[in-house]
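**Q** Okay, here's what each chain looks like letter by letter:
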Amino acid sequence: MADNSMSSHGTKMNTAEEACSLFRLTDSDLAALKRLGERVVPKMDAFVEQFYVWLKTLPEYEVYFPDEAMVQHVKSLQRDYWVEVFEGVVDQSYVDRRATVGETHARIGLPLGIYFSAMNYAVTLFSVDLYDGNLNADDYAAAVIALNKVASMDTALVVDTYARISNEAAAAQSKAIMEMSTPVTQIWEGILLLPLVGLIDSKRAQDIMDASLAKIADTQARIFILDISGVGVVDTAVANYLIKVTKATRLMGCQSTISGVSPAIAQTMTELGIDVGNVRTTANMRDALSLALQAQGVAAPRVGD
Amino acid sequence: MAASHPIIIHDERSLAAAVLEATRVAQSAGLSRVAVQQLATVTSELGRNILKYAVRGRIQLEAIERKGRKGVRVVASDKGPGIQEVERAMADHYSTGGTLGLGLSGTKRMMDEFTVMSEPGKGTRVEVVKWQ
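Protein chains in written order, with our numbering: chain X, 1 to 305; chain S, 306 to 437.
Chain X on its own, in the form it takes in the complex (with noise of 0.2 Å):
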């Protein structure tokens, strides 16, 4: 489902190149981010430590944090990180690292403000609390500059990760949704019926489609019931899709009624100007199944006697 060459919203952040244009990351800034590398790489340690005394005043700190295994193990990645930060490389393995770390805060859930606010208070740190004060001021104004931009680059692929994952499991949930929904019941010896919920797309036709040849040619159905008293729009793609259904149905062997035809829908149909043909419609499905048990030859016991 989800594009991998673009990002959410379309802007191509895939390669290293492309990821610092978007940024306007230029060579002078890696070189200046390297000079306040110098001053603030020795100090990692101490900057990890700080930065966990932050996390921890967080109220979500014990969910993701649950032993100190974790925490170590997640501190070494952090300094890792920022170490690779400093280097003032940003080439492909440095943005498919970005993507990897997107893709662990995507796994465990962690709220994106949480996100936002760690890199924030990382940049402070390393900007303002752990700087020694030792490069000259362009020196320190073009290295601020560059490690905002880095900080955002980094932000922008670990959000765009999160996002391509978010969108896919949206989009598995979704598909087993879909293939829940198709589900034609032999509802008496010979009669099939299929309740339409929902909006019908290309894709969801095609199932509806294959589902309901595949039941007719194991029950031998005579009749099937479609009922689309859940389907909130009719519009002349679904049309289509609905009557090719009842054509091909026909060809089988199995006569075809679209039930649960609504006063809206019926008016929207014909002002659309679609011809139904010889489709066997109904208002609902109790019509549609009282004909259907008669043709069965079953004496459908009438509601209300």
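If you're looking for bench data, these hints aren't it; they were derived computationally from the structure. Heads up, a few of these hints could be off.
[Stated by the list, open to error] Some chain S residues near chain X, calculated using beta-carbon distances under 10 Å: (1) Arg353; (2) Thr412; (3) Gln437.
[To be verified] Calculated lysine-lysine pairs in the DSS-like style (CA-CA distance at most 25 Å, straight line): (4) X:Lys203 / S:Lys375; (5) X:Lys244 / X:Lys175; (6) S:Lys384 / X:Lys12; (7) X:Lys203 / X:Lys149; (8) X:Lys12 / S:Lys357; (9) S:Lys375 / S:Lys413; (10) X:Lys244 / S:Lys357; (11) X:Lys56 / X:Lys43; (12) X:Lys175 / S:Lys375.
No residue lacks a Cβ here, since even glycine has one placed at the ideal position from N, Cα and C.
We have chain X already, so just place chain S on it with the hints.
**A** Same frame as chain X, but now just chain S:
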């Protein structure tokens, strides 16, 4: 009047979001049940045209009011290939996309106001209004 954010139509999922939003806007504008259904259907038609011909485009939904009367405006625009012959495209059963060819003509019949602007190679803009 409060205009909702334009919805970028680029796949069937975003189209579904636009249809749901159209239903919501039409209901809150106090449109009748049939009118709500028609507006949602029209949004779906216009969105499908975007997907089919332009691949990507946008739909903007807006609750409007004129002389105390409430309504909903839908604007569907894209920078796709445009419509070569608008008049023919407006005729029933005319389609270059292998479909029923009722979308645009049906849309016009269902809406109170309908404007289509298209320039080949530049894109298409369809604006419709349904009044309460």
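**Q** State for each hint whether it applies.
**A** Against the structure, the hints:
1. Arg353: The hint holds - Arg353 (chain S) has a Cβ within 10 Å of chain X, the shortest such distance being about 6 Å.
2. Thr412: It holds, given that the least Cβ distance between Thr412 (chain S) and chain X is near 8 Å, below 10 Å.
3. Gln437: Gln437 (chain S) check fails; min Cβ-Cβ to chain X is 16 Å, beyond 10 Å.
4. X:Lys203 / S:Lys375: violated, 36 Å
5. X:Lys244 / X:Lys175: The hint holds at about 23 Å.
6. S:Lys384 / X:Lys12: holds, 20 Å
7. X:Lys203 / X:Lys149: It is violated: about 42 Å lies between the C-alpha atoms, which goes past 25 Å.
8. X:Lys12 / S:Lys357: Holds, at roughly 24 Å.
9. S:Lys375 / S:Lys413: Given pair Lys375 (chain S), Lys413 (chain S) holds - Cα atoms ~19 Å apart, limit 25 Å.
10. X:Lys244 / S:Lys357: Within the cut-off at roughly 19 Å; holds.
11. X:Lys56 / X:Lys43: holds, 20 Å
12. X:Lys175 / S:Lys375: violated, 38 Å
Comparing the model with each earlier hint shows violations of hints 3, 4, 7, 12; every other hint is respected.
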